[in-house]
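S.K.: Below, each chain spelled out in residue letters.
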Amino acid sequence: MQIDWLSFTPIPSLLGGMILGVAAALYVLLHGRILGISGIISGLLHPKLTDTAWRLALVLGLVSAPFMAALFFGIFPVVEIESDWIAIVIAGLLVGFGAQYGSGCTSGHGICGLSRLSPRSLVATLSFMGAGFLTVFVLRHLIGL
Amino acid sequence: MKKHFGLVSQYAIGVLFGWGLIISGMSNPEKILGFLDLAGNWDPSLIFVILGAVLVGLGGFYIASKRTEAFLGGALHIPSRRDITKPLIIGSLIFGAGWGIAGFCPGPALVALGVGHLKALVFVVAMLVGMELCERFFSSHKKASDQV
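From first to last, the protein sequence lines are chains A and B. Going by the working numbering, the first residue of the first sequence is number 1, and it counts up by one from there. Going by the working numbering, the first residue of the second sequence is number 1, and it counts up by one from there.
Treat the hints as calculated values from the structure; they're not laboratory data. The beta carbon of each residue, even a glycine, is placed where N, CA and C say it ideally should be. Do not take every clue at face value.
Reference excerpt, derived from the structure (chain B facing chain A, CB under 7 Å, subset only) [stated by the list, open to error]:
{"id": "1", "residue": "GLY18"}
{"id": "2", "residue": "ASN41"}
{"id": "3", "residue": "GLY52"}
{"id": "4", "residue": "GLY57"}
{"id": "5", "residue": "LEU76"}
{"id": "6", "residue": "SER80"}
{"id": "7", "residue": "LEU88"}
{"id": "8", "residue": "CYS105"}
{"id": "9", "residue": "VAL122"}
Derived DEER-like restraints, expressed as beta-carbon distance ranges [what the hints assert, rightly or not]:
{"id": "10", "chain 1": "A", "residue 1": "TRP5", "chain 2": "B", "residue 2": "LEU51", "range": "16 to 22 Å"}
{"id": "11", "chain 1": "A", "residue 1": "THR52", "chain 2": "B", "residue 2": "GLY40", "range": "39 to 45 Å"}
{"id": "12", "chain 1": "A", "residue 1": "PRO119", "chain 2": "B", "residue 2": "PHE137", "range": "25 to 31 Å"}
{"id": "13", "chain 1": "B", "residue 1": "ARG67", "chain 2": "A", "residue 2": "GLU80", "range": "40 to 46 Å"}
With these hints in hand, go ahead and build the complete structure from the sequences.
M.R.: Right, dumping it as C-alpha cells:
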C-alpha cells in the first residue's frame, strides 16, 4: 500500500464530514427522518400527495449546493468523471438497484446508520465498502482499465 | 406557515449536506475511486469524512433517541429493525460494485448534476431506473419504513 499524499486532504475531509454530520443531526431532530439520499429520491418514483414537496425541496438543495457554494464562498467544486458512458449507465443501475434492495446508501447506512449505532447499517457499510474495494481492484489492477 | 418553514428547512439541509460533500471532496468521483483503490496510490481522506460525520452524528442521534417527536412536529421515523438479512447484504454489495465502477453514490451524483455534468445526469437517470426495477420485481421482502 502506498499513500497518495498529494491527494490526501485530512482537514477539509474531516471538516466536510462534520458538516455532513450536522446536516444529518439537524434532519433527524427537525424533521424526524434519516437523511438517506437514496430513500428520499426513491420516494419520488411513486409520489404521494403528502410527501413529494419535501423530498423535492431536499433534492433541489443538493443540486443547487454547488451554485450556493460559489455564491457564498467562491468555492467551485472539483468534479472529475473519468468513466465512459457505458460505465456510467452500469454504475447508475447498480447503485440504484443496490441502494433500494439493501435499504440504503452511503448517507443512510454510512453516515446516519453508523451514528445511531445500527448493526444493520454497520453490516451494509462494511459490505458496500468491501465491494467497492474489490471492484476497483478488479477494474484497475486485474483488467487494467 | 409551519409547512413552508419545513420546506425551507428541507432545502437548507440539502444545501448544507451538499456543501459537506463538496468540502470533504466526496463530490469528486476520482477522489472516491482514489480511496477505493487500496492497491494503487491510496487516498485515505474518506476515513476522515466518516470520522467527522459520525462524531457529530452520534450526538445528534443520541438526542433524537431521547425524543418521540421532531422539533418541527410529527413523529420520529427511525427504523427499528436490527436483523441482518440477505437483501441487506446482497443489495449493499451490488451498491458497492456500482460505487466502485464510477465513484458516484446518490448524494454526490446530485451535486455533480448541479455543477452541470451531463454524465451525472445520465448516472441519476440510470440510478432511478435501477431503483424502479428493484421496486417492481424485488420489493416483496421489505417495507418502506426499513429504507434509510
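S.K.: Evaluate each hint against the coordinates.
M.R.: Status of each hint after checking the structure:
1. GLY18: Since the shortest Cβ distance to chain A is 2 Å, the answer is holds.
2. ASN41: 4 Å, holds
3. GLY52: 3 Å, holds
4. GLY57: 3 Å, holds
5. LEU76: Holds, about 4 Å.
6. SER80: Nearest chain A Cβ about 10 Å off; hint violated.
7. LEU88: Since chain A brings a Cβ to about 5 Å from LEU88/B, closer than 7 Å, the hint holds.
8. CYS105: 4 Å, holds
9. VAL122: With a closest approach of 5 Å, the VAL122/B hint holds.
10. TRP5/A to LEU51/B: 16 to 22 Å: Check passed, 19 Å falls within 16 to 22 Å.
11. THR52/A to GLY40/B: 39 to 45 Å: Distance hint for THR52/A, GLY40/B holds at roughly 43 Å.
12. PRO119/A to PHE137/B: 25 to 31 Å: 28 Å, holds
13. ARG67/B to GLU80/A: 40 to 46 Å: 41 Å, holds
Checked against the numbered hints listed earlier, the structure breaks hint 6 alone; every other hint is satisfied.
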